[in-house]
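Trainee: These are the residues of each chain, in order.
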Amino acid sequence: MDLTVNRVKHSVTADPEKPLLWVLREDLHLLGAKFGCGAGLCGACTVLLDGQPVRSCLTPVGAVGEAAVTTIEDVASQPAGQYVLDAWADLDVPQCGYCQAGQIVSATWLLGQMPDPQDEDIDAAMSGNICRCSTYLRIRKAIKAAAKAQGKGEAA
Amino acid sequence: MNAPFEISRRSFLSASLLAGAVLSFQARLALAGDGATGGEDETVLNAFVRINPDNSVIIGAKNPEIGQGVKTMLPMLIAEELDVDWDQVHIEQTLADDKLYGRQSAGGSRSTPVNWLPMRQTGAAARQMLVTAAAAQWGVAPASVTTAKGMVHHEPSGRSATYASLAEAASAIEPPALDTVPLKPDDSFRIIGTSRRGVDTPAILQGKPLFGIDTELPGMVYAAIEACPVFLGTIGSFDDAAVKAIKGVIAVVPINSGILPKGKFDTLAIVADSWWTAQQARSQLKVEWDLGDLKQFSTEAYAAQADAALEGAPQGDILKKGDVEAGLAGAVKTVSARYDYPFLAHCTLEPQNCTGLFEDGALTLWAPSQSPGSGRRQVSDILDLPQDAITIHMTRIGGGFGRRLMADYMVQVAQIARAVPGKPVKMIYARADDVRHDYYRPAGWHALTAGLDKDGRLVALRDHFVSFGADGQPIRAAEMEETEFPAQLLPDVHFGVSYLATNLPTGWLRAPTSNAMAFVFQSFLDELAEAAGVDLPTFVLGLLGEDRLLPAVGRAPQFNTGRARAVIEEVCKFAGWDGKRPTGASGKGRGFGFYFSHAGYFAEVLDVAVSEAGDIVVEKVHVVGDIGSHVINPINAESQVQGSVLDGLAQSMIGQKIDQSEGAIVQENFDSFPLLRIETAPREVVVKFVTSPYPPTGLGEPALPPVIPALTNAIYAATGKRVRSLPISLDNAVA
Ligand code: FES
Ligand code: FES
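Residue numbers (my numbering), protein chains in the order written: chain A, 870 to 1025; chain B, 892 to 1626.
For the record, the hints were derived by calculation from the structure and aren't laboratory data. Incorrect hints may appear among the rest.
[Stated by the list, open to error] Dumping the calculated DSS-like pairs for lysine-lysine here, alpha-carbon to alpha-carbon at most 30 Å: (1) K1017(A) / K1511(B); (2) K1013(A) / K1511(B); (3) K1464(B) / K1010(A); (4) K1138(B) / K878(A); (5) K1479(B) / K887(A); (6) K1464(B) / K1017(A); (7) K1479(B) / K1010(A); (8) K1013(A) / K1479(B); (9) K1579(B) / K1013(A); (10) K1224(B) / K1211(B); (11) K1010(A) / K1579(B).
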C-alpha cells in the first residue's frame, strides 16, 4: 500500500492491521514516534494525520489511506512546528526525552488550533501526553513561549 | 564523605597509550547532537579527551543518561579544567568498560559526589600535558604558560598555539598522576555553575534514534516475551506449534527471566521479523505454568499478616536505645498512629528492552541500563561466557528511576540472542509486561508511639516496622536505618521490625526507602508537633538543637544539623511560613516536610486546596535544598528538583499502587497504574539552593521524599484529616 509520511510517498508491504507506529518504526525506520503503552494511554506515539493528532499505536496502517502522516522528524513543516521546537530547545524541556516527540507533536497541533492558549487550555490539550519525568512545568512554559513567538512572527 | 573512587593511573595510562593513534573509543553509537564529532585525525589525550584538528574537543561521557543530565554534567567538569569553551566541545557516550572509566552507574544520586574530583582531575591532567608540550616547544617554563578557550599562551613572548597544534606532542607525554594535578580555584570557574542545555536535546527534538528501543542493526529480528505471570513460577509444559506456524515467526525460546536459579525457565521468548508479529503471536502460545503454592501471595494476605504482626512483638530490633518503655511511661502526653504504603512499580516510559547479537562466541549488547557492569556479570554467569567476551554499548535511556539498575532485560536478550546466533535481536516488553514484571518498591506498615514531656519536647519514640524479608533480613529496598530521623536526637528509641514473606522481586525506586520513610516520620512528627502545640518547622528545629555533626552509622551517613536547620529556616522565609498551626478546615492548607537523603538536605512547603468533593489540587511548592558548594548545572538542577517533587506527588496522590492477587500482579497499564498527567502538576514549583562548604552531591533523588509529607500535612491543615495510608484517599483519612 502507499503511505505519505513527512511529505514523502512510500510503498509499504504490511498487514493492514499492523499499527501505524510499528510500520513507521520497523518498515520505514522512522524511530522518532515512541512506543509507551500500546493502548492510547500515554501519547508517546502521537503523530499527525492530515494535521490531526492520533495515537499511532492504535491506528491500523490500513486505515491511514490517503491521509498525510507527519511525525516528529518533519514537525517543523507544520505552521507552528518551528516555534514549538525553538521554545523546547531554549527552555531545555526534555529530561530523558522519551515522551518529547509526542509532546511536541501535540503542542504543535494545539498552537495550530489556538494561538494563545492559557494554562487550562494547555492542560486539556496535553492531558493525553504523559511525561514520566514530569517536565510539565517546562512544557507549559514552552507552549506559552512558542505561542508568543508565533504571534510575533505572524504579526511581522 | 566517602573517598571518591580513583581512576587508577594505570587505566588512565592504558587509554593514553593509544595516544596519537587514530583509534578511538569505538563507541560510535548514539553520537550526541549534530553528530559532528571528529574524523580520523583526532588525537587521544586520555580515555576521556580527544582533540580534533579543527581544535574542537571530544569528551567522553561515561555514565548512563536516564534524564538526570549526567551526559552533560560530567563532561562539564572535564571541560572546565581542560579550559576549553563549551562551544568547542562534542560529547560522546563511552562504552561500558569499568577498567577504563571507573564505576559507570546511575544510582543513588552518586554520580556527582563520586566524580566531582576525578572528572576535573582528568580534564586538568590533559590540560597539563598540553601545557608541558607547549613549554617544551617554546623552551619556556611550564609555569609561565597559561591557557584559555582551547589555546595555550606564553604572554612574555606573545606566543600562542591551539590545543590541536599541540595535541600530538602532548599525547606522547607521560600522563601525570591525577592527584598531583592542580585544579582551578572556584572563583575562576567558567562552566561549572553556569546553565548548559542537555547535550542530546537537539537530537531529541529531531526525533533521532537515541534510545535503547531505537537500536537498529542490519538483519535485526525482534522478540516479545511471555513470562510466567506469577513470580518464581516456572514453565511446566508448552505447545508452540500454532505460534511457529505464523508467518514471520522465527523461533520460540524458553529462557530464565533472571529471577530464578540458573537452569530454570519461566519465560518464553517469541522471535519474529516484526515485534508486532511476535507480540500478536503470544495469544497462540499454550503454556502450563508450574506455580506450586505461589498463589498464596496476595495484597489482602499481606495486609492481614501485617496487622497480625503489629499486634504482637517485633521479630527483631533495628535500634534499641535507652529505655523506651520508661520514656513513654514518664511522658506527659503520648501519641500513637499506624501508617502504611503500598508496593509501587517504576513504569519508565520507555518499556524495558535490550538488543543483543551473539556471534563467534561473543556477545554484544545495546543496553539501556543504569548499571551495565552488574548486567555484564549476570549475563556472563547465565551464559557461562567470560566477561571480556561481552561488549556493552550504553544507549540513552527513556527513564530509569531505579528500574534499570536491574539487569533482567540484559540477561533475557542474551539468552535469546544465543538461540539465534548471527542475528541481532531486539527484545521489547509490552507495557503489561513492564508493569507486571518489575522489581517493586516494597510495601510497609508502621505502628508508632511517641511521648512528649511537659514542655512538649519529644522524649521517646517507638516504631514497629513491618515489611518484607527472609531469615530475619530485609529484602532489597525494604531496609530501615537505625538513624531514621529523629532517632539520633532522642534518648529513648526502639525500632522493632517484622518481615513477611513474598514472591515479588523488589528494587530501588527513586529515593528508595526515603520515599516511604519521609512520609511516615514527617507526617507523624506533624502529629506530635500538633500535640506539642507548635508548627512542624518549629518542632523539628527544636529537635535539631545546636549545630553539630551526628555520626555515620552503618550505611547511613553523617548528619549535619546545621545544614538541616539552614534549609528549614530558608524555606520558611522563602514561602512566608507564618509559624502558626492551621485553624479549622477551610479547604486550603499549607504543609511542611524536611528530609535528608542521598547526601542532600531538603525542606519543602506545599500549598493545597481540597474541594468539598475531595479533589486535591496542589497549587504551589517551595523547595530549598543544600547539595554542597556548587550547583553544577543550574538549568538542569531546577528541572531535576521539579521532576522529583512531581514524582513524589505521583507516588502519593493519584492512586498509584501495585496489587497482587493469586500471586500475580493485578495492574497492567496506565489506566490501572496511573502516571501523573499535566493537569495534576502544580502551577508552580519554586526552587532555591543554599550553598555550604562541602563537595557537591547529587540531585536525582533528595528533593522527592519531603514533598509527600508536605502534602499530607497540608491536607491535614486544609481538611482536618490525617492521611496515614498511601495512596492518599480522603475517604480513609482520619478526621
Ligand atoms: S504508545 Fe500509543 S498512546 Fe501510548
Ligand atoms: S522527558 Fe522523560 S518521559 Fe518525558
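Trainee: Work down the list of hints and note, for each, if the structure agrees.
Mentor: Each hint, compared with the structure:
1. K1017(A) / K1511(B): holds, 25 Å
2. K1013(A) / K1511(B): Distance of about 19 Å is within 30 Å: holds.
3. K1464(B) / K1010(A): Judged against 30 Å, a Cα distance of about 26 Å means the pair holds.
4. K1138(B) / K878(A): holds, 27 Å
5. K1479(B) / K887(A): violated, 50 Å
6. K1464(B) / K1017(A): violated, 34 Å
7. K1479(B) / K1010(A): Since the Cα atoms of K1479(B) and K1010(A) sit roughly 26 Å apart, the hinted pair holds (cutoff 30 Å).
8. K1013(A) / K1479(B): holds, 28 Å
9. K1579(B) / K1013(A): Status holds; Cα separation ~24 Å.
10. K1224(B) / K1211(B): Holds, at roughly 21 Å.
11. K1010(A) / K1579(B): Holds, at about 19 Å.
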